[in-house]
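Peer 1: Chain by chain, the residues:
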Amino acid sequence: MKKYTDSGKKDTRSGFGAGLLEAGRADERIIALTADLKGSLKMDAFAAEFPERFIQCGIAEANMVGVAAGLAIAGKIPFIGSFAEFVTGRVYDQIRQEVSYGNTNVKIASSHAGITLGEDGATHQTMEDIALMRALPGMVVINPCDYNQTKAATIAAARYEGPVYLRFGRPGVPNFTDPDASFEIGKAYVMNEGSDATVFATGHLVWEALQAAEALEQEGISVEVVDIATIKPLDEGAVLASVRKTGRAVVAEEHNRAGGLGESIAALLAEKFPARLAYVNGMDRFGQSGTPSELMAAYGLDAAHIAEAVRGLVG
Amino acid sequence: MTANKETLKKISTQVRRDIIRMVTRAKSGHPGGSMSSADILTALFFQVMDQDPARWTRDGRDQDVFILSAGHLTPVYYSVLARAGYFPVNELGTFRKMGTRLQGHPSVRRDLPGITQASGSLGQGLSAAAGIALAKKLNADPKRVFVLCGDGECEEGQIWEAAQFAAHHGLDNLVAMTDWNGQQIDGTVESVAGSADLEAKWKSFGWNTIVADGHDFDAILEAFAKADALRGSGLPVMILFKTDMGNGVDFMAGTCKWHGKAPSEEQCAEAMTQLEETLGDFQP
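Residue numbers (my numbering), protein chains in the order written: chain Z, 1 to 315; chain V, 316 to 599.
Hints listed in this document are in silico derivations from the structure and should not be mistaken for laboratory results. All the pointers check out, no bait thrown in.
Some chain Z residues close to chain V (C-beta under 7 Å, calculated; not the full set):
(1) Ala60
(2) Ala62
(3) Asn63
(4) Gly66
(5) Leu71
(6) Ile73
(7) Lys76
(8) Asp93
(9) Glu98
(10) Tyr101
(11) Gly102
Label-pair restraints from in silico Cβ distances:
(12) V/Ala544 - Z/Glu52: 20 to 30 Å
(13) V/Arg376 - Z/Pro274: 50 to 60 Å
(14) Z/Ser182 - V/Gly419: 35 to 45 Å
(15) V/Ser579 - Z/Pro274: 50 to 60 Å
(16) V/Pro403 - Z/Leu240: 42 to 52 Å
(17) V/Gly485 - Z/Pro233: 36 to 46 Å
(18) V/Arg376 - Z/Gly247: 49 to 59 Å
(19) Z/Glu236 - V/Gly595: 46 to 56 Å
(20) V/Gly419 - Z/Pro233: 24 to 34 Å
(21) Z/Leu240 - V/Arg376: 41 to 51 Å
(22) Z/Glu22 - V/Arg546: 33 to 43 Å
(23) Z/Pro179 - V/Ala544: 51 to 61 Å
(24) Z/Glu52 - V/Ala540: 23 to 33 Å
Virtual Cβ for every residue (Gly too), placed ideally from N, Cα, C.
Model the full assembly from the supplied sequences, consistent with the hints where possible.
Peer 2: Here it is, written out as structure tokens:
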């Protein structure tokens, strides 16, 4: 199987910060806004280099969405950043009217997504955000897997004309994708080719899926791993091509079952190519306090659980 | 100024006819607040703003911008836009009908000239207006942004988030207006949400405030002149226009009953006897 090396743990939010800075240097229309979370969103470098293009909104996310829409109407490219829950659930109606229906070129930078936010517990651990954003007409939903891919995805989002939801996380995680790879919105990346089952993974779970594939190789099970970096629009061609080859699908995501990537792929397969499918996700639960790795294990989101799901389909 | 005032009065009288006829034909819509803000928007579009149909673009660059935060006031908004030449007057007859550009609440997806942002879910337009005003500052564009809110709308928390933001960021190119008619769907503002000293509230948020009679063109134009003089003050301006819901038709005035209710054909005919056809009705 294809070998991936962790070049050292890095948080995906720092990939966002690096991408924002690089995009900001290339395009002076880019504006960064936050609701009292400049440091958490890794906007410090951008704010230091472009102080007039960094807008502190205070703890008032609803207004921040509207201000960003106004900036976008006037030709700017605003990135609004906060914790995932506070830039989705808290401001869903504002995003719906000002960004989605209003068709404004706003980029929603959503950090600390999923259960790996860790110790802050369930109030901050949204696992419903993908469902909310997927439901909005025209919203692009991106969930990159590591630092390098998050940086590239941020630059791609800046260049794309239209609303984008860009989801990333808090903890340091393996950084293993090519630092020079460009990011194509709407493209699924085949990380490893296999013949017995496909694991479609997104975000932090792509690395876990690769670890599972490596373990399963020792057992003689050949697993294809596909990184669904763009959840909407889904790369349907890539999903169908893989399942036509392997006949089995496991979908792994740090999200509630309802409305997530799993349901998206299940719906596609049910319509176009019925196949055996298993979910690895947060089920229908809230999180709790703990370290990211403890929570990943407790909620069934690590490599061991992905491998178990594959065995369940292959056996 | 007197002749000008007479012209504005003629226009706003026709706008009121349009409002009643549009809502009656659609059998739905919001006539009450449209009538109370008819004089304000007539003055704004025909006298105050540096904006015209030939130059209008959604990004509002190098021209004044208007945002309707109280998105249900589409009858008055569309009438004023049509009468100012943004689109054909006879298109007013399509209001709220299947396939129309004149959606129940403003849409930017129908290519209707003059519409800068979607609204309808209340409390959001002030934030969008603040964002455009901020962009104008960043672009060194000296033009201004005007936004109309309802007094009931100011019960939304986001209004006060935006108030705090606009003052903190020194958006003195932002002129907000409140149609202070004292009415909302379920009754008077006082009965629904308690008495609101809006002037004290806006002052305490650091805004320049102006209070004016929203049905007297001398007072309206004087208020806008005062707002104009506050450019460079470093603070945004709120003009609180005291108005009557349903103003212009005796049986509709001063009550919340006509917030979101269409008159019958008979009531429409009765209203028409109270409003002179000054500029020609839209047809059919």
